[in-house]
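Peer 1: The whole structure should be built from the sequences, with the hints applied where relevant.
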Amino acid sequence: MGMESSGNLGNSNATDELLGESMMDEQYIIDQFRYCSSEGIIELGELYHALTIKTNIWFNKFVATALLNMYAKCGKIESTEMIFDRMSCTDVASCNSMISGYVSNEMLSEAFALFVKMSNLDIVPNHYTYSILLSACGSCIAVQVGKQLHAQIVKLKFISLTVVCNSALTMYIKFSMIEEAEKTW
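Heads up: the sequence shown begins at 1 in the UniProt record's numbering, then just goes up one per residue.
One or more hints might be untrue.
Subject to a maximum C-alpha distance of 27 Å in a straight line, what follows is the list of computed DSS-like cross-link-like pairs (lysine-lysine) [said to hold, decoys possible]:
(1) K117 - K61
(2) K174 - K157
(3) K147 - K174
Calculated from the structure, these hints are not laboratory results.
Peer 2: And the structure:
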């Protein structure tokens, strides 16, 4: 039975038929959340979200982070915040997804506030955290913050990682700070 012919994706029989119990493992759901976010199919993602609640697999930190990421990429920041606040195990991956969601939705002060809050949660930022934040600095007038992040990155020895170096270069170039960009090499 196709989704169009079922008429109602929320119908229990239709969803049971669409997604047999044997297909409801963590990796399958994570892949579906990724698909929904890449294609912008939030309605299907919400159906999978409901199924994860029904089957109690949304408590898995990988599933919850994929769910968080899907809502963020689809621009549903209120849902993203709700999921983040209810996660039983907040880690650097979930914080990065939340920060990226804020940046994607042009909520830069919230992104930086969460970065600061990470230290209160004893969560150590990684190179992806810095890359996301450097990209945010390049998209706004936050060159001083970007320079401070760059100093932390050098101290933590993340600058040798391509993703971080590229983000720093992009930020400096956007601000026409060619000498600083050359120094990152």
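Peer 1: Hints first: check each against the structure and report whether it holds.
Peer 2: Here's how the hints hold up against the structure:
1. K117 - K61: 19 Å, holds
2. K174 - K157: 23 Å, holds
3. K147 - K174: 13 Å, holds
Taken one by one, the earlier hints all hold for this structure without exception.
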